[in-house]
Amino acid sequence: MLIQFAIKNFLRQGLRSILNVLITAITIVTVIFNLSLLNGFQARATLNMVKTDVAGGHYRIAGFDLLSPTEWEDHTGLVPDSLKALPEDQKAETLILQGQIFPNNRLYPVQMRGVGPGQELLDLPLQGLKRFPEKITDQIPVVIGTKMAERTHLKQGDSVVLKWRDKFGAVDARDILVVDVVKLLNPRVDEGMVWLRLDHLQDMARREGEVSWVAVELFQGPVPDMEFHSVDDLMKDLLILLKNDRRNSIILWIILMFLAGISVFNTQILNVFKRQKEIGTLLALGVESKQVVRIFTWEGAVTAGISVVVAGLIAVPLFMWFQTVGLDVSHLEESTIPVRDAIFLEFNPFEIFYSITVVVALTILVAWLPVRKISHMDPTLALRGKAIT
Amino acid sequence: MLELKQVSKTYRVGNQDFPALKNISLTIEENAFMSFVGPSGSGKTTLLNLMGGLDRPTSGQVLFDGAQLESMNRSELAQIRKQHIGFIFQSHNLLPVYSVYENVLFPLLLNHLKEQDARERVMALVEKVGLTEQANKKPAELSGGQCQRVAIARALIKRPKLVLADEPTANLDTENSFRILELMQDLNEQYGAAFVFSTHDQRVTQFINREVRLEDGAVLWDKAKNGNGELE
Chain L
1 MLIQFAIKNF LRQGLRSILN VLITAITIVT VIFNLSLLNG FQARATLNMV KTDVAGGHYR
61 IAGFDLLSPT EWEDHTGLVP DSLKALPEDQ KAETLILQGQ IFPNNRLYPV QMRGVGPGQE
121 LLDLPLQGLK RFPEKITDQI PVVIGTKMAE RTHLKQGDSV VLKWRDKFGA VDARDILVVD
181 VVKLLNPRVD EGMVWLRLDH LQDMARREGE VSWVAVELFQ GPVPDMEFHS VDDLMKDLLI
241 LLKNDRRNSI ILWIILMFLA GISVFNTQIL NVFKRQKEIG TLLALGVESK QVVRIFTWEG
301 AVTAGISVVV AGLIAVPLFM WFQTVGLDVS HLEESTIPVR DAIFLEFNPF EIFYSITVVV
361 ALTILVAWLP VRKISHMDPT LALRGKAIT
Chain B
1001 MLELKQVSKT YRVGNQDFPA LKNISLTIEE NAFMSFVGPS GSGKTTLLNL MGGLDRPTSG
1061 QVLFDGAQLE SMNRSELAQI RKQHIGFIFQ SHNLLPVYSV YENVLFPLLL NHLKEQDARE
1121 RVMALVEKVG LTEQANKKPA ELSGGQCQRV AIARALIKRP KLVLADEPTA NLDTENSFRI
1181 LELMQDLNEQ YGAAFVFSTH DQRVTQFINR EVRLEDGAVL WDKAKNGNGE LE
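In order, the protein sequence lines correspond to chains L and B. Residues 1 to 389 in the working numbering are what the first sequence spells out, letter by letter. Residues 1001 to 1232 in the working numbering are what the second sequence spells out, letter by letter.
A hint or two may mislead.
Said to hold, decoys possible - Heads up, simulated DSS-like pairs for lysine-lysine below, C-alpha to C-alpha not over 27 Å straight-line:
1. K183/L / K236/L
2. K1082/B / K277/L
3. K386/L / K1082/B
4. K1137/B / K277/L
5. K1022/B / K386/L
6. K8/L / K1082/B
7. K277/L / K1138/B
8. K277/L / K1161/B
9. K1114/B / K290/L
10. K51/L / K130/L
11. K1082/B / K274/L
12. K274/L / K1137/B
13. K8/L / K1137/B
14. K386/L / K1138/B
15. K1138/B / K274/L
16. K290/L / K1082/B
Claimed, not checked - In silico contact screen, one side only, chain L against chain B (beta carbon under 7 Å); selected entries:
17. R12
18. T281
19. A284
20. E288
21. T380
It is worth saying that the hints were derived from the structure and are not from the lab. Treat the numbers as computed from the prediction; the structure is a model and nothing was measured. Glycine is no exception: its CB is placed at the ideal position from the N, C-alpha and C atoms.
Between the sequences and the hints, there should be enough to build the whole structure, so can you do that?
This is the structure we're talking about:
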């Protein structure tokens, strides 16, 4: 009976009810959209990292540190047999050395990264290198990313001098030929990087069979002279960045909740004020004050319940449409976040359930807060509309 | 049925006390059809509120079937009102979201009756107050007199021992006032509930059996009708 009464009162409020429902529904949709977009962003960023660089982890030559370029040459080594034996779709041998190119007569330090042309583990568009023989003939074929091309003003077919140091300290220099400018999903493997065939780079540096690391699909157990770096370890900085993003989204979430809460709270304050006589009548009829509080709180709950339904009606077509277009994040090209393509929503049922539950609970709470005073209301004053002035 | 013993009520406003009722002692019999008359501020409404358990006396006792209302908590008072006391207000105070039928049904639902069990009873009373055709209308669609008749039906549906009516005819024209008073008189005889009005409407006098005049919170006279229909 109390619920029925609450529903009828909810409907009586007309436009105010509609606005409350809309604000709460939009809050629910926005919260879910925001969280799902963040999930999509994180999923895409980590996927791109895994696909283009990290794979299932790296077996690195002991002491190798990507952030210490001056020591790269000191930490190369032969690939142990246990890793060498892995098929091409489960490993990617990688050699990393320092180099310098001179586009437009300017020095540009680069990371020379050689990967086996036959590797199938990493999703790198290096097909352009495959057609060249194992032995370097005239020019050294390289592939660069679009970002690198933009920075150095190099384009497909251009030649430029590359200088490097071989294993014995001798400085070598030769022309490289940009056989392809490719779009890499991960800016971290684009800017400042020259991609070569592994055999070419090993040959250039007189480091036959040597690598800096071997990316693997799965952990293969301890390997002598190599250190295993897990996915989490390799993506530590990215994960911290994403965690910060999540923190920012919580702030947005709190602001949205606050707005929705204020709206319901105001309506309830107005309700209690405007309906004092009705409250007095209910008390005179023998309704206990706690039951009156329950009626008014139910009205808030009805708002929350209908908002969930309306949120569903808004969200389903909106999200379906969004999944066809995605969110363009090409502006992130300037950042080190490994996302360049559009991102899509990634739904987490627990998060959706949790968000809806919190919004509903908060709506009921803010509906209850202002009506608590009914329980202390003097019925004789309420009947005259003077209990709250 | 209802007894007031040395009841006083004082309101405190700021640092000053304002006595609203002074040492009122009254007994209301079952089947009573009586009124409190007096000018505004004489304490009529305060007295009704105390009798209905909506307010508590500053001193004295209010006994309803021997139970002391002033010592009951809010929940116990609500139970008494829910089961035994019907209220009729000057401005009818109907629940605006409910239809006539639902407004009359409401007290029965509060007393845990199921609608299907109460439907006939509600419709019979709605018919009695002449509103069968308006049963599905909302209060906003009714006239003042019709609303007051709904309020009467709502007050009586639970068959209370006592009906308290605060200025029930104040907002009605003469014709409607008479119709309402006749209806209440009829229902008083039929259902046996005691009716107590507060009023300063002289038209009420011809219908009631007893009149208590209040002035400045005290009983000035308490007269009952004699065999000739005169108050003495």
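Exercise. Enumerate the violated hints, using their earlier numbering and listing them in ascending order.
Key: Violated hints: none; all satisfied.
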